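Chemist: Sequence:
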Amino acid sequence: MFTTVTIPAAPTFLSSMASLKSSLASSSVNGISGRSGEVHVIVGPMFAGKTTALLRRIKLEDDSGRSVAMVKSSKDTRYAVDSVVSHDGVKFPCWALPNLTSFRHKFGVDAYDELDVIGIDEAQFFEDLYDFCCDAADKDGKTIIVAGLDGDFMRRSFGSVLDIIPLADTVTKLTARCELCGKRAFFTLRKTEETQTELVAGSDVYMPVCRQHYVDGQAVIEAARGIIQSQKVPNDNHMKAKQVSTF
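Using our numbering, read the sequence shown as starting at -17 and increasing by one per residue.
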């Protein structure tokens, strides 16, 4: 036979919790905590409309009278150096930076303090994304709208985009249209033999695909890489033999 025994909560703990709640309520009423920031994340494969969604949101914020600024990675020079440009040609002026830590200094401390909204495009390229979003939203009261790839061409986590999901107020997962069958595309297929994670390019190198065509496409590409590698070895050996014969 089991007996349930209720252990009373420690009075000290309850007192501390009551004091904490009172302090937090007082801070909010008196405005001590300042503005409350937000983090909104837009992810998906390439050609899913992430930049378009980001620009639409930034324009709405701008039209409503809020102070906005846009940042993108300086690695992305596909369409313009000083603008965020969607695949369909919509653009917005931006700061192209190698990291987010430098944004406040580049933008100007006073001007930064007056900012309401910061848009970040190609977020996967910023290693300091998590720290920046934490500070900007939690400490500075900014609304941060982030757009980036959640996965690379191997369907692995790309950069720090997924790291900021726990910080986010909202997360929007967009899809594209499979270039091969027209179904919803969740993945990005690289059509070339390069294997490095970061390779900034457009439709000449990447295409959005559904799960089936991603799997099929990877098999074809791996087979092609194997053929290319097998052709390189004889050529390399031939060159070495040619070099030896010249002595």
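These are calculated hints, taken from the structure and not from any lab test.
Treat the hints with care, since some could be wrong.
[As the list claims (entries may be wrong)] Label pairs and their calculated CB-CB ranges:
(1) G47 / A205: 36 to 42 Å
(2) M136 / E109: 30 to 36 Å
(3) E176 / S49: 21 to 27 Å
[Stated by the list, open to error] No farther apart than 30 Å at their CA atoms in a straight line, the calculated lysine-lysine pairs in the DSSO-like style are these:
(4) K73 / K57
(5) K155 / K121
(6) K57 / K41
(7) K88 / K41
(8) K155 / K165
(9) K88 / K57
(10) K155 / K173
(11) K88 / K121
(12) K73 / K173
(13) K165 / K73
(14) K121 / K173
(15) K121 / K165
(16) K173 / K88
(17) K41 / K173
(18) K57 / K121
(19) K57 / K173
(20) K73 / K88
(21) K88 / K165
The model shown is predicted, which means the values in this text are computed figures rather than measured ones.
Don't be surprised by glycine CBs; every beta carbon is placed ideally from N, CA and C.
Chemist: None of the hints should be skipped; say for each whether it holds.
Modeler: Each hint tested on the structure:
no.: 1; hint: G47 / A205: 36 to 42 Å; in the structure: violated (56 Å)
no.: 2; hint: M136 / E109: 30 to 36 Å; in the structure: violated (19 Å)
no.: 3; hint: E176 / S49: 21 to 27 Å; in the structure: violated (40 Å)
no.: 4; hint: K73 / K57; in the structure: holds (17 Å)
no.: 5; hint: K155 / K121; in the structure: holds (27 Å)
no.: 6; hint: K57 / K41; in the structure: holds (24 Å)
no.: 7; hint: K88 / K41; in the structure: holds (22 Å)
no.: 8; hint: K155 / K165; in the structure: holds (16 Å)
no.: 9; hint: K88 / K57; in the structure: holds (17 Å)
no.: 10; hint: K155 / K173; in the structure: holds (23 Å)
no.: 11; hint: K88 / K121; in the structure: holds (19 Å)
no.: 12; hint: K73 / K173; in the structure: holds (27 Å)
no.: 13; hint: K165 / K73; in the structure: holds (28 Å)
no.: 14; hint: K121 / K173; in the structure: violated (43 Å)
no.: 15; hint: K121 / K165; in the structure: violated (42 Å)
no.: 16; hint: K173 / K88; in the structure: violated (37 Å)
no.: 17; hint: K41 / K173; in the structure: violated (34 Å)
no.: 18; hint: K57 / K121; in the structure: holds (28 Å)
no.: 19; hint: K57 / K173; in the structure: holds (21 Å)
no.: 20; hint: K73 / K88; in the structure: holds (21 Å)
no.: 21; hint: K88 / K165; in the structure: violated (43 Å)
Taken one by one, the earlier hints fail for this structure at numbers 1, 2, 3, 14, 15, 16, 17 and 21, listed in ascending order.
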